[in-house]
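K.L.:
Per the working numbering, the sequence shown starts with residue 1, numbered consecutively.
The hints are simulated quantities; they were obtained by calculation from the structure and are not laboratory data.
Predicted model, so just to flag it, every value in this text is computed and none were measured.
We put the beta carbon where it would ideally sit given N, CA and C, even for glycine.
Keep in mind that the hints are not guaranteed to be accurate.
Unchecked claim - Straight-line distance between alpha carbons at most 30 Å, and here's what the computed BS3-like set of lysine-lysine pairs gives:
hint, residue 1, residue 2
1, K87, K175
2, K171, K87
3, K175, K156
4, K55, K87
5, K171, K156
6, K87, K174
7, K174, K55
8, K55, K156
9, K87, K170
As the list claims (entries may be wrong) - The calculated label-pair distances, taken between Cβ atoms and stated as ranges, are:
hint, residue 1, residue 2, range
10, N77, A257, 16 to 22 Å
11, E106, Q342, 26 to 32 Å
12, F253, N77, 15 to 21 Å
13, R116, F58, 37 to 43 Å
14, R147, A323, 31 to 37 Å
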Amino acid sequence: MYRHEFLDICAAMITGLTVHQAVGRADAAGGDAPRAGRLDATYLDKGLTGMARAKGWFESHWGAGVLAGYYLCNENNLGPETVEAIKSQLDAVIALRDEQFTPLPEQPADASLVERIPEALVPAMRDGVRAHGHAVIFASLSTRALRDAPHMAQPKLVDSLCGLSRQVAKKAPKKPANVQPYADTQAMIDATFVSLARFEPLLGRPSVRRPNFTHMITHTEALMNLEMMGYRDLAVAGHVGHRAHIDEPVPAFDDAANPRDAKPVTWTDIQHKEFWQDPAQRQRWNHAWSEANNPNGYWVAFGHLFKVLYSFHRLIRHVDDPAVTRLCGTILLERYFNPDVQGG
């Protein structure tokens, strides 16, 4: 699949998913959304394998992206064509990194082994945030997937997933000024959206580098998901790191040196084919990532976009104000839909 085709799909997904859901607060306790299309459970196997075979924690992005794509399709009211398009992109990632997605030698499964993954997460959460919360993000998502695919709870795979947290734990933490836990998970979610909304002045100014909005969202969802799975104490232990993550200051900038050389990307813009057919954007989207001259590249398609859409959609079910979800969605996704924007 070409890069522009993938982004055409993203426009359709956001039109049919995020904007629709942002109209009001969804009933988080009301069961699954209607399902017009879904992926089969083999994508859980593939995603977990891709994470476990990663050579270093960063390469686990590809497997985690497959898991997020699976849940994005199967939890939301996406049409069959959109699901098929997402499936095609996931298949392209799996084919490109076929060795990483090759099944591990099979071992007897033991569902009790899954508990080792959240246990291994503890040192990586201590005293602050490390690696933008990736230990939390990966452990939360893989624990969820293993609960849904217990036949994959095999010793070697589980040990490899625990190893991701052990790798991240070796990094020095970034500590927050406020070390008090939030009152509850809802307070944590509210704080994330308040923090993200502060960056509205940066919209349309791609030359001003952004903080890591992507992982602020995926980190928040991962902690929420830990509590939903019954790991409340672990989720609360993650509040210190979460505070450090979302407390990034709004960058100071000079209006003259950083003019609004592009209008902010809006939900309306990304629903029109003209945005996706722009030749200059297509050229950049079809080349590999480079911090110097192509800050999007394949970074978006292969590792992050499905995770951020999956996480953002789950979180906005807990936000009452549709104006807030629209603003924060625009701030967040400008990183993806304007290739000139630098930041995580």
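K.L.:
Hint by hint, note whether the structure agrees.
P.N.:
Evaluated hints:
1. K87 with K175: Between K87 and K175 the Cα gap is close to 39 Å, so the pair fails against 30 Å, i.e. violated.
2. K171 with K87: 35 Å, violated
3. K175 with K156: It is violated: about 33 Å lies between the C-alpha atoms, which goes past 30 Å.
4. K55 with K87: The hint holds at about 24 Å.
5. K171 with K156: Status holds; Cα separation ~24 Å.
6. K87 with K174: 37 Å, violated
7. K174 with K55: This hinted pair holds, its Cα atoms lying about 24 Å apart.
8. K55 with K156: 14 Å, holds
9. K87 with K170: 35 Å, violated
10. N77 with A257: 16 to 22 Å: 44 Å, violated
11. E106 with Q342: 26 to 32 Å: 44 Å, violated
12. F253 with N77: 15 to 21 Å: With a Cβ separation near 40 Å, F253 and N77 fall outside 15 to 21 Å, so the hint is violated.
13. R116 with F58: 37 to 43 Å: With Cβ atoms ~22 Å apart, the hint is violated.
14. R147 with A323: 31 to 37 Å: Holds - the Cβ-Cβ distance for R147 and A323, about 35 Å, lies within 31 to 37 Å.
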